[in-house]
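Here the first sequence is numbered in UniProt numbering, starting from 1 and rising by one per residue.
Hints are supplied without guarantee of correctness; some may be wrong.
Said to hold, decoys possible - Below 25 Å or equal to it, Euclidean Cα-Cα: the simulated SDA-like pairs (lysine to any residue) are:
hint: 1; residue 1: 416; residue 2: 401
hint: 2; residue 1: 168; residue 2: 327
hint: 3; residue 1: 583; residue 2: 609
hint: 4; residue 1: 680; residue 2: 371
hint: 5; residue 1: 638; residue 2: 596
hint: 6; residue 1: 580; residue 2: 329
hint: 7; residue 1: 426; residue 2: 401
hint: 8; residue 1: 45; residue 2: 302
hint: 9; residue 1: 239; residue 2: 459
hint: 10; residue 1: 168; residue 2: 412
hint: 11; residue 1: 213; residue 2: 353
hint: 12; residue 1: 583; residue 2: 387
hint: 13; residue 1: 680; residue 2: 290
hint: 14; residue 1: 539; residue 2: 509
hint: 15; residue 1: 107; residue 2: 152
hint: 16; residue 1: 375; residue 2: 665
hint: 17; residue 1: 461; residue 2: 290
hint: 18; residue 1: 680; residue 2: 581
hint: 19; residue 1: 218; residue 2: 157
hint: 20; residue 1: 312; residue 2: 401
hint: 21; residue 1: 168; residue 2: 152
hint: 22; residue 1: 530; residue 2: 290
hint: 23; residue 1: 375; residue 2: 353
hint: 24; residue 1: 213; residue 2: 226
hint: 25; residue 1: 412; residue 2: 388
hint: 26; residue 1: 461; residue 2: 702
hint: 27; residue 1: 107; residue 2: 157
hint: 28; residue 1: 387; residue 2: 353
hint: 29; residue 1: 37; residue 2: 14
hint: 30; residue 1: 144; residue 2: 488
hint: 31; residue 1: 302; residue 2: 353
hint: 32; residue 1: 367; residue 2: 346
hint: 33; residue 1: 218; residue 2: 31
hint: 34; residue 1: 218; residue 2: 40
hint: 35; residue 1: 94; residue 2: 174
What the hints assert, rightly or not - Per label pair, the in silico range of CB-to-CB distance:
hint: 36; residue 1: 419; residue 2: 239; range: 47 to 53 Å
hint: 37; residue 1: 331; residue 2: 239; range: 38 to 44 Å
hint: 38; residue 1: 531; residue 2: 312; range: 28 to 34 Å
hint: 39; residue 1: 694; residue 2: 139; range: 43 to 49 Å
hint: 40; residue 1: 645; residue 2: 137; range: 37 to 43 Å
Hint data in this document are derived by calculation from the structure and do not stem from the laboratory. Note that this is a predicted model, so its numbers are computed, not measured. Every residue, glycine too, gets a C-beta built ideally from N, C-alpha and C.
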Amino acid sequence: MPSVHQGNFSNRQTQFSVRRQKIIQQRKSLPIASVEKRLVEEVRKNDVLIIVGETGSGKTTQIPQFLFDAGFCRDGRVIGITQPRRVAAVTVAKRVAEECGVELGQKVAYSVRFDDATSGLTRIKYMTDGLLLREALLDPYLSKYSVIIVDEAHERTVHTDVLMGLLKSVQLARSSSVSGGQGLNLGNKNVNVTLEKENDQSGSVRKKPRHEKFAPLKLIIMSASLDARAFSEYFAGAKAVHIQGRQFPVDIFYTLHAETDYLDASLITIFQIHLDEGPGDILVFLTGQEEIESVERLINEKLPQLPQENQKLLVLPIFAALPSEQQMRVFAPAPSGFRKVILATNIAETSVTIPGIKYVIDPGFVKARSYDPGKGMESLIIVPTSKSQALQRSGRAGREGPGKCFRLYPEKEFEKLEDSTMPEIKRCNLSNVILQLKALGVEDILGFDFIEKPSRAAIIKSLEQLFLLGALTDECQLSDPVGHQMARLPLDPIYSRALILASQFNCLEEMLITVALLSVESIFYSPRDKLEEARTAMKCFSSSEGDHITLINVYRASNDFLEKRSMEMSTTKCEKVYKKWCKENFINSRSLRHARDIHKQIQEHVQQMGLNLSSCGDDMLQFRRCLAASFFLNAAVKQPEGTYRALASGQVVQVHPSSVLFRKKPDCVIFNELVQTNHKYVRNLTRVDYLWLTELAPQYYAMQS
DNA sequence: GAGCACTGC
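Please put together the full structure from these sequences, using the hints given.
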């Protein structure tokens, strides 16, 4: 027996060292390896450094290791690297831990929502940018970090933008704490007092001696876009360095004339590539599920008309709402002799990297979300991509070898495109951002130093909404305790408010389930070809009162199912039958699991806050009254012709076809979402009594009448 | 009669 162990052990040892050798080789061959010394020198010299690193430069994995080796983690300090996406934070941390030859969670670790792998030993910490923003609420000086690296800054997500504003002032505060000791200067005014106020709020965790000296904070902004000007200007002319990438050349082709029907043009291009070009898979960028499903159908209709030997084409869709088992199919290699055609939304632009792509077809459009603060309405409309987006898409053809990209528009049209996509902060509801900034001590939101300032109207609208929700006082201060409680919850402010109200209405249990489910993508999945079956499955959960109670019914049914099964079988088996249950009921198990995670996290928060976790039992009237009290800003009344009028903005809207109230059409409803696609739709509704609104939100409805 | 993509101590 011992000899067997011995054999296995040495074998594993050999494999291990072979792998280490390979990793060391790979690290050395990265373009960035040759500039290690210079980079470290630049970080020492500059408090803010912009690093423009092309795809494949290795900046994300290597720079933190360079800085660690150069002593930036002395005295237990931490290098923080933020990513816009969870998967990136997790996978990069795993890779770097392996490169360092350490166990993940020790020197190298990641922290993302619901999953913190860090320990006291962690020195290189990968995390999502949203998580670092949350950390700042507890530790406004981010005192444990010596360096913070904001990666993928060119994506300009709301979190990245807010984080850069915050880091700018934290850096200033920390460097002046060394020289003279000022407070954290956020916004226009010096809000020295804020920290003390905050400390009073949150108890001992945040207590920090006022006169504590901080080491200066180094900031590194990493971007893949070639234009670093905006970042450099924002950080007072900060130095920008450029690191070469390792990307294979991609030939770009344009059409001679503008296409009238880009779906048809995509179809023709797919077949042209398939018949005329060498081996390699095709990636087509479409705008949504509907387009993807229709192109999929068209390809499969045309395929039998081709000669037998040309029929080996495998069509694979991928979009976010697709159940993950089906998403996984795009990663599997095609059967021998087959070519894969992947029909994807934007998900394939940055979020997932599909191996084997040699050809990209880019019709040049994207479905983009924008927000109209005046109407309180989101729109989801198809718009042309930006130049940088087109570049990103074509780059997907050059990951493993030289590739080709077919842009389905003339070259002169490319020149007319916007350089980059409008930053998200200029096209989203700002209520959450503003609540967070307020909690961080920013008094003057209009004067806050955003890298790109949202419109004044958008800021004022959100301040107004926060005031109506009771989060802000007449003086525009965070209210106590409601405003502080709301800022602590990682939810939309309107949902946080609903939870606080629900504890007074004795239906917090129901509201907790509701807001968890409202916070995730729809849990209902209905593929076009099984629409009827999906509707039948949903019927057994649906409530005639509306979507909120329907959602609660699904959640409770899945809970009952899980509880019963978990007693009978192992965790893995249970997982399997749970997925089967979801599939049979046309429920997206990924969304439901996500809602379950949120439910658990928020439950812990509200318990810590001492809210009353009670249930209204079967008294759904009480729950609906609470919905009315919570979502009074989103009420609509039926008009004679069967459409609805949203009371806050006066807009004429329709009930979304996914709602259980689609046919019912009660006189008065509250809703959670107002979206314009082909029509203006309200989603997630519940029937309420109009009189409840005037009774429960007189401050608002008295003004209206 | 219909759902781009991310994310949160």
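Okay, the hints, checked on the actual structure:
1. A hinted pair counts as satisfied when its Cα atoms are at most 25 Å apart, and residue 416 with residue 401 does not qualify at roughly 29 Å.
2. For the suggested pair residue 168 and residue 327, the alpha carbons sit about 39 Å apart, so the restraint of at most 25 Å is broken.
3. At roughly 37 Å between alpha-carbon atoms, residue 583 and residue 609 are farther apart than 25 Å, so this suggested pair is violated.
4. Of the pairs offered as hints, the one joining residue 680 and residue 371 holds, with about 13 Å between alpha carbons and a cut-off of 25 Å not exceeded.
5. For the given pair, residue 638 sits about 34 Å from residue 596 by alpha-carbon distance, which is inconsistent with the 25 Å threshold.
6. Between residue 580 and residue 329 the alpha-carbon distance is near 18 Å, which keeps this suggested pair within the 25 Å criterion.
7. A hinted pair counts as satisfied when its Cα atoms are at most 25 Å apart, and residue 426 with residue 401 does not qualify at roughly 37 Å.
8. At most 25 Å may separate the alpha-carbon atoms for a hinted pair to count; residue 45 and residue 302 exceed this at roughly 62 Å.
9. Restraint check for residue 239 and residue 459: the C-alpha separation of about 31 Å exceeds 25 Å, so the hint is violated.
10. Between residue 168 and residue 412 the alpha-carbon distance is near 39 Å, which puts this suggested pair outside the 25 Å criterion.
11. Under the criterion of a C-alpha separation no larger than 25 Å, the hint pairing residue 213 with residue 353 is inconsistent with the structure, at around 44 Å.
12. Proximity of residue 583 to residue 387 is assessed by CA-CA distance (about 40 Å); at most 25 Å being required, the pair is judged violated.
13. The straight-line distance between the Cα atoms of residue 680 and residue 290 is roughly 18 Å, inside the 25 Å bound, and the hint therefore holds.
14. Using a Cα cut-off of 25 Å, the hinted pair residue 539 and residue 509 holds, with the two alpha carbons roughly 23 Å apart.
15. A distance of roughly 23 Å separates the Cα atoms of residue 107 and residue 152; the hinted pair therefore holds under the 25 Å criterion.
16. A threshold of 25 Å between alpha carbons decides the hint, and for residue 375 with residue 665 the separation of about 23 Å falls inside it, so the pair holds.
17. Of the pairs offered as hints, the one joining residue 461 and residue 290 is violated, with about 34 Å between alpha carbons and a cut-off of 25 Å exceeded.
18. For the suggested pair residue 680 and residue 581, the alpha carbons sit about 34 Å apart, so the restraint of at most 25 Å is broken.
19. For the hint pairing residue 218 with residue 157, the CA-to-CA distance comes to about 22 Å; that is within 25 Å, so the pair holds.
20. As the CA atoms of residue 312 and residue 401 are separated by approximately 23 Å, the hinted pair is consistent with the 25 Å bound.
21. Proximity of residue 168 to residue 152 is assessed by CA-CA distance (about 17 Å); at most 25 Å being required, the pair is judged to hold.
22. Straight-line distance between C-alpha atoms of residue 530 and residue 290 comes to about 14 Å, which keeps the hinted pair within the 25 Å bound.
23. Straight-line distance between C-alpha atoms of residue 375 and residue 353 comes to about 37 Å, which puts the hinted pair past the 25 Å bound.
24. Between residue 213 and residue 226, the direct Cα distance comes to roughly 37 Å. Violation of the 25 Å bound is thereby established for this hinted pair.
25. Pair hint residue 412 plus residue 388 holds up; C-alpha atoms about 16 Å apart against a cutoff of 25 Å.
26. Taken as a hint, the residue 461 and residue 702 pair is honoured in the structure, with Cα atoms around 20 Å apart against an allowance of 25 Å.
27. Pair hint residue 107 plus residue 157 does not hold up; C-alpha atoms about 28 Å apart against a cutoff of 25 Å.
28. The suggested pairing of residue 387 with residue 353 holds, with an alpha-carbon distance near 20 Å, which does not exceed 25 Å.
29. At roughly 32 Å between alpha-carbon atoms, residue 37 and residue 14 are farther apart than 25 Å, so this suggested pair is violated.
30. With a C-alpha separation of about 21 Å, the suggested pair residue 144 and residue 488 falls inside the 25 Å cut-off, and the hint holds.
31. Restraint check for residue 302 and residue 353: the C-alpha separation of about 28 Å exceeds 25 Å, so the hint is violated.
32. Distance restraint check for residue 367 and residue 346: the Cα-Cα separation of roughly 9 Å lies within the 25 Å cut-off, and the hinted pair is therefore satisfied.
33. Distance restraint check for residue 218 and residue 31: the Cα-Cα separation of roughly 24 Å lies within the 25 Å cut-off, and the hinted pair is therefore satisfied.
34. A threshold of 25 Å between alpha carbons decides the hint, and for residue 218 with residue 40 the separation of about 12 Å falls inside it, so the pair holds.
35. As the CA atoms of residue 94 and residue 174 are separated by approximately 31 Å, the hinted pair breaks the 25 Å bound.
36. As the Cβ distance of residue 419 to residue 239 is approximately 22 Å, the hint placing it in 47 to 53 Å is violated.
37. Taking the beta carbon of each, residue 331 and residue 239 are about 40 Å apart, inside 38 to 44 Å as hinted.
38. The given range of 28 to 34 Å is respected by residue 531 and residue 312, whose C-beta atoms sit roughly 31 Å from each other.
39. Between residue 694 and residue 139 the CB atoms are about 44 Å apart, so this pair conforms to the stated range of 43 to 49 Å.
40. Our hint of 37 to 43 Å for residue 645 and residue 137 holds, since their Cβ atoms are close to 39 Å apart.
Comparing the model with each earlier hint shows violations of hints 1, 2, 3, 5, 7, 8, 9, 10, 11, 12, 17, 18, 23, 24, 27, 29, 31, 35, 36; every other hint is respected.
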